[in-house]
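S.K.: The primary structure of each chain is shown beneath.
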Amino acid sequence: MMKDILKRLTEKFPISEIEEQRANMIFVTMPKINAVQCISYLKQFEGFTHLVMLAAVDYIEDGIFQLTYILHNYELHTDIGIRVQIDRKQPVMESIHTLWAQARTYQQELKEMFGIDFPGSPDIDEPFLLEGWQNIPPMRKDFDTLKYSQETFFPRPGRKHYDPQKYMKEKLYPDKEPE
Amino acid sequence: MVNPIMIFILFLGTAFLFALFDKIHRKFSFAILQLVLLINTFIAGQWLYKFVFTSQTPVMIFTAGFKPPFSINLRMGLEEAFILFAVNFVGLLSALYLSKSFKHSKVYPLVLYLMMIMGVNGIVMTRDLFNLFVFLEISSISTYALIALKENEQRLASGFKYMIASGLASVFFLLGTIFIYHITGTLNIDQIITHKSFVITSLGFLSVFTLMMSLIIELKPFPANGWALDVYQTTTSGVVSIIAVANSAGVFYAFYKLLPLIPHNQLLFIAGIGIVSFLFSNLIAIKQTDSRRLLGYSSIAQIGLLITVTALTRYLHVKSSTSLFIISSIFLSNFIAKAGLFWIAGIIKKTHIKEWAILRFKPGLLIIFGVFIFALVGIPPFPNFWAKWDLIRFLALSKLHIWIILILLGSLLEAFYLFRWFGSIVRSEQNEEQLLQPAYKTVPIIIFFLLLIIISIGIPIHIYQFDILPLLPIVGLLILSIFDFLPSKLKAIISMIIIAGYTLYIYPVLSGVSLVFAFIFLAGSFIQLIATMSRKGTDKGFFPLLVGMILSMGSLLVARSSLEFFFAWELMTITAYMLVLRGRKAEKPALLFILFSLAGAYLLLSGLSYAHVINFSLVGLGTIPISAHMLPITAFILIVVAFLIKVGAVGFHIWLPGSYAEAEDDTTSFMSSILSKTGIFGMLILLLFLLKMNMHHSALFTSMLGWIGIFTVFFGSLMAIFQEDVKYLLAYSSMGQLGYIVLCMAAMSHLGWVSGLYLAVNHLFFKAMILLAVAGVISRVGTRNMYEMGGLIKKMPYSFISVLIGIIALSGVPPLSGFGAKWLIYTALLEKGWYFRAGLSFFASAIAFLYLFRLIHTIFLGQPKPQHQNVKEASPFFLIPQFLFIFAIMAISMFPNLIIKPLSTFINPYFASTIQWQGNTLYSSLGYWNGNLVMYVTMGVFMLLLIWLIISIGRVQKVKQFNIVFAAERPFKPTTTHFAHNFYAHYKRALGTFVRPVTTGFWNGVGEWISSAAGSIRQIYSGNGQTYVLYILLYFIVLYFIMGGK
Amino acid sequence: MDTPLVLKILYSLISLAVITIWGLSLGGIVRKIYARVQGRIGPPFWQPFIDIIKTYGKRTAVTHGIMFFLGPVFRIAGGIGTYLFIPAILGSTIFSNFSVSGDVLLVMYFIFFGQLGMALGAGESGHPYSAIGVARGLAQMTAFEVPFALSIIAIVIQYHTLNITTIVLAQQGSILNWTLFTNPLATIAALIALLGMNMHNPFSVVLAPQEIPIGPPTEFHGSYLALMQTNRGIFNAAKLVLYMNLFFGGATNIFALIIKTFSIYMISVVVGVSFPRFRTDQSIKFFLFVPTLIALLAIIILVL
Amino acid sequence: MKKDNRLLPNKDMPDFERDYFCDAHPETVKPLKGFIEKFLNWARANSLWILGFGTGCGAIELRPLMTARFDMFRYGMAPRPTPRQSCVFVIGGYASIKTLKRIVRSYEQIQAPKFVLALGSCTINGGMYFDSYNTINRIDHYIPVDAYVTGCMPRPEAIIAGLRKLQELIKQGKAEKANEYIENFEWYKANQKKVIKDWNMPDYNW
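Chains as they are written, first to last, in this note's numbering: chain A, 1 to 179; chain B, 1 to 1046; chain C, 1 to 304; chain D, 1 to 206.
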């Protein structure tokens, strides 16, 4: 089944990479311009009617954000993930709130946390979790959260840091020699 | 004395010479025409004067020097003189009205016009059958020619239909004449009448039947009258007014002349023909949108009524002077009003009744229009009112119940469409348009208007020997109308002076319960008049009506006869209607108001007629004839229902909320706190009669009345809690409170009546207070929806105080006066043994808390709205009366004996007292109550605690509206933070079934049924000439067999 | 009656003090019982007193306006007034209070005094929850007043008087003379109404701490709250005394009063711990159905 | 009922909202002297009404206090649904900035005298969220804390112990942090405003 779907997909869309994670879960990577078209195709013709999630990963070293749309087919009980890589310098992606209204929430979150814009998505500029955030989006890898915390939140002096592994070993098995 | 034959000579002479005159100049010929009509009017007027003011006997004029049957003779009596005068006068005015079209037309119309009037004159005077036929032909042919003169396809068609119909009628007439001549050998009407026994033979019957039928067809009975309606619709208004009034008058008089030929047992059939015409024409008129056609239906209906009344009075052998009075009053009302309305139609030049709204910008013409409408409906003091009064009285006396019902029903239908029309004009949104009011068109209207007014004032004074007392409301209304140009504040002061003067004037005759009601009606109005000073500008028309209404309520108190009572009642109704109609969106509610009020008035009228033995007034209580110990049950029910409608008892309440709410804000307080009590006053009088006279099952009736009262309380209160509009809420609340009064009155015990009156007075105080406060609030915030207000306590603290005191007094929470009412009510009910009613009223009074809290919370408490940031306290004119009422409430709360003691002395003559005083404590047979002590204890406890709170609370910071604990959030919008809309949603879920609009649905159903019936009946008028002829023939045949032709 | 006014006031104050202490203790005792039923130790029975002292001891307060300030005063004046218009103990001068002011109708209506004032105060706070609470409370009140009023009517039919003292007198002699036994239906209806009056479960939706943080008093604190807490004791006791007088033969001494009011209160407590909560419309329907029918039956039987 | 004339600047609020909020500056109210204050403190200690506002994961540890096993009622403690009527504010662990805003608001709405009990490491030094961009490290820089309970999370027993400690402090008259907050109002406000960027409320929530 999945094979057929995949076959049809490859015929229709320029898929660059296929990763079969499980028998009922595959990930396909495709260019930004085809992604929404593909998602829409999957929803309308292949029965992937459920948007499971929309997430992003910051690959700062490659200069890209990778968006992952996971869709679910209730009849076949299969998931398909569409991976899209977008330029980190121009983080703009087409909105899919027209396909699933709830997608606006994901997109709102991505806008706030990664700064990825989805033009046209409702309330895209409203704060999602952070009220009045003024720094660069906090989930980007170039945001130094420790530094920010130390500058902003009055760290209490005298805080000690331990390596958890070493510390637990010392506490629990003080007699044993370190390997 | 000028010989009446001169009339014909003048007519004929000028008609023949007219072509000659016209050659000289049209102005000259027209002047001749006017002159002829003027002279004729003068001749008729002279005769009329002689008949009315000297004991002149009718005169017979023999034309050829022979006595009948060999020659034609004319008769000049009171009736003839009256009709001739009217016809020639209207001819004269109509000619004036038509002067412009006469000027530009050929000469023939002038001649035809003269001929037509002459024809009518002839019809009226002649006593010869064949001669009558000739005159009928003259008038109808000239009418036809007049109709068809202007070459317009529609007019030609309608003229043609007219000709066919009148031709058919002529055939019948001629046939009848021939038969009669064959049987009796004479054509002289008087001689025929003396030998009228021939009618019992079948040929005799047929001959008389055909004769009468032809006249009746000329009088346009339903349904054989389609041709006439087309005429009314298409002809120019000057001509149509002549056709509708003068022509009809002539034919009607011919009918009147020949009526003695009808055997006594057949008279009811004739009356039936009339009543069918009356009812159905009025019914169909409801559906009309064309103004002339509507007026046409109204004319036909009125003629139908005239036929009925004439036949019935003859059937009942009513004294001729009385029957003449009734007939001529109806005749005159229709004559003047209809002619006037058709003339106005000619000025408006709009066909659709809604387009008449341009009248709104011509106050003078609008007033005249209104007066004509009122005259048609039979509002006092117009002639129709008196006719109706006498007529119904006779019918009731002879137990012709069905006829009473039908006549009143028809009148109600008529009132419906006429008032609907009036209301839509007054309240329409249409823009101003240029309206030409040429003098030659206006003058006739004004003359008729003045004539109507003079007659209307003359009748009560001359015929019913009214002195000034019952006419004072009209006098007050007129005085204020004269001062109408003054600014409102001044007029309010004048009104107050008038009312004070009136009160002083009638004070000597007041005593006992009438004193209580005088206090409510007059003192209450006096204080509330202060609030009307807040009106800006001159506000024309308000004060005259208000003073008229207040004084007519006063008139109710001092009425000395049933007629005076009814007169005042109707005056009050109509002024109140006009006041309601002043509200911006009051068109529909006002119509409902007047419909229900008129229905109530008609019920009252018929009730009073059935109870003719009693003199329905406070004075009359002392003069019950010993012979009349039985109060008829029908009368009782009719009268009580009339009053129940006035108080808005459940089932009849649908007029109440709308008209209270949509009236202007200060008017509402008059209506709710004062006007509604008139129903209570009436009921009180009725119950007093009930006490003095026996009636079968009187206990059962009062018990039923009690249930009606308590259900009114219950449903009124329940409806009130679901209203979003503050005035609707208060209107339903009034309904509930009046239900309590009805309940108490129905208890027929000392305590019951004391509590009823106590509540009536108390209701005046608190309801006027709340309504004035609310009026002040509305005037500032500009909305009536409670959810759009909020937090106004900070902006309008004084209004808040009076609403607060008002709701405490209303809800019956001690220590304020409301509790006194509650205590009295429950004690009375329990004493009486009405336990379930007591339980239900407890429930209702708890429900009252709901709407009262909603009232004060959503307006004054909660979140203030940003748009009301700059709202100021209401005008002091609103506040002064409120504080006077607060003072009154405080006084009777502190010292309940101030009010309960006098009330109980007033009731003492009627019932044995069951309460007694010990100091300030009031003891009943069941319990006791010391209002004074309650007040002191409450105040003492309250003050002590307040002092303790101030001491113990420490630092207090005054905070603002958003400083609330909002689940760790903060509010953003006052609108969404203010919990106000659909306040009692949960209550609706629980008890919503009780407030389904069942009653409204029922009345809507009645309305729809009537409307669709009218719609389908209207279908019979196909507009097709042949069909109309067929109708006439069928009508003839069917009636022939119904009336027992063989 | 013949007692001088000053003495009368003094007596009333004593009577009031006793009933306040008893009313508050009653609340504490019930909390203790609740705790014991649930296997807890629970607060001491004087906990209400500590709470009130603490609440009076609050140092700061805010006010939303004059009605907000006066609301609690209305409330407690209503409670005290209600008590003062009931003769608490038969034959006692000290505990006869100001019952000369009026009969049972006065007491029934004076109950509204506090509720109305409180509702107004809560309204001025501008808090939507207060208004919702009031809307619910008033709605429920209209419903439970029906069986209550009907059972009072039944009593009036039975004793031909509205005078509380006379009603109590008529029940003297034997325990079987109590209305409870002479007119059990009316008593049952009235007791069900009492559940609503006390706002115990299943009729506690008015206060509903979870959804509309305790309803009408949401914004009240400090001395306001203390006054209201005091009132809760007094008002509760006053209602119990009224019920005792009307249905349970009244009291001839203070111990009888304490035992009887405690027992009556326990009825609603027992019901309260055993039931979940009605929605407002459900409780309205319930009150207008079951207890109302019972009360109507009581009246019908008496009339027949 | 002394009227104070100091007004808050409320400069972070838009003009049209100023009319909605009270802008009076809070004032300290000194405790009474001698026996009365001691008596009142005793009463306060024995009637601790806890604001039912779970600000972090520690809130779940508060619930067992109501149960028969821990039964906080025996000490006169009770949960209370509205800040107006409570006197103890239990900070239940980590406080995100968003929550901090609500904490400040609720704290200011509690009427004096008021006490704060902070639970868990997160309130002390940020705990495991010390490096989060969105979680404050030390609650006592934003509102004054009367007592801390350590642990991640502290068990209900520990919380009871903390509350008992608080009771002792109150009885000794040492729990006057509410006045401290007012005295150092500017400092606290500055700290609060440093982290709460969209300050859409008045400077003091009455």
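Each hint should be verified, as a subset may be incorrect.
Pulled a few chain D residues facing chain A out of the computed Cβ check, cut under 7 Å [said to hold, decoys possible]:
(1) K98
(2) R102
(3) D131
(4) R138
(5) D140
(6) H141
(7) M201
Listed next, with one range per pair, are the computed distances between beta-carbon atoms [to be verified]:
(8) G39(C) <-> I951(B): 41 to 47 Å
(9) T152(A) <-> Q282(C): 37 to 43 Å
(10) A912(B) <-> G91(C): 48 to 54 Å
(11) K536(B) <-> R6(D): 32 to 38 Å
(12) H161(A) <-> R164(D): 48 to 54 Å
(13) E11(A) <-> K98(D): 44 to 50 Å
(14) M168(A) <-> K30(D): 48 to 54 Å
(15) I950(B) <-> T152(A): 44 to 50 Å
(16) D4(A) <-> K98(D): 43 to 49 Å
(17) Q90(A) <-> L7(D): 31 to 37 Å
(18) G39(C) <-> K174(D): 31 to 37 Å
(19) I136(A) <-> K98(D): 14 to 20 Å
(20) I951(B) <-> R164(D): 41 to 47 Å
(21) I267(C) <-> F895(B): 22 to 28 Å
When the alpha-carbon atoms are kept at most 27 Å apart in a straight line, the in silico BS3-like pairs for lysine-lysine are as follows [stated by the list, open to error]:
(22) K973(B) <-> K11(D)
(23) K177(D) <-> K147(A)
(24) K177(D) <-> K958(B)
Bear in mind the hints are in silico, worked out from the structure with no lab data behind them. Just so it is clear, CB atoms sit at the ideal spot from N, CA and C, and this is done for glycine as well.
S.K.: None of the hints should be skipped; say for each whether it holds.
M.R.: How the hints compare with the structure:
1. K98: OK, holds: K98(D) within 7 Å of chain A, min 6 Å.
2. R102: Nearest chain A Cβ about 11 Å off; hint violated.
3. D131: holds, 4 Å
4. R138: holds, 5 Å
5. D140: violated, 9 Å
6. H141: holds, 5 Å
7. M201: Not OK, violated: M201(D) not within 7 Å of chain A, min 11 Å.
8. G39(C) <-> I951(B): 41 to 47 Å: holds, 43 Å
9. T152(A) <-> Q282(C): 37 to 43 Å: Violated, since T152(A) and Q282(C) (Cβ atoms, about 52 Å apart) do not stay within the stated range.
10. A912(B) <-> G91(C): 48 to 54 Å: violated, 34 Å
11. K536(B) <-> R6(D): 32 to 38 Å: violated, 45 Å
12. H161(A) <-> R164(D): 48 to 54 Å: violated, 33 Å
13. E11(A) <-> K98(D): 44 to 50 Å: holds, 48 Å
14. M168(A) <-> K30(D): 48 to 54 Å: holds, 51 Å
15. I950(B) <-> T152(A): 44 to 50 Å: holds, 46 Å
16. D4(A) <-> K98(D): 43 to 49 Å: holds, 47 Å
17. Q90(A) <-> L7(D): 31 to 37 Å: Given a distance of about 49 Å, which is not inside 31 to 37 Å, the answer is violated.
18. G39(C) <-> K174(D): 31 to 37 Å: Distance hint for G39(C), K174(D) holds at roughly 35 Å.
19. I136(A) <-> K98(D): 14 to 20 Å: holds, 19 Å
20. I951(B) <-> R164(D): 41 to 47 Å: With a Cβ separation near 33 Å, I951(B) and R164(D) fall outside 41 to 47 Å, so the hint is violated.
21. I267(C) <-> F895(B): 22 to 28 Å: Since the Cβ atoms of I267(C) and F895(B) sit about 42 Å apart, the hinted range of 22 to 28 Å is violated.
22. K973(B) <-> K11(D): holds, 20 Å
23. K177(D) <-> K147(A): Roughly 31 Å separates the two Cα atoms, so the pair is violated.
24. K177(D) <-> K958(B): holds, 23 Å
This entry does not satisfy hints 2, 5, 7, 9, 10, 11, 12, 17, 20, 21 and 23, going by the numbered hints stated previously.
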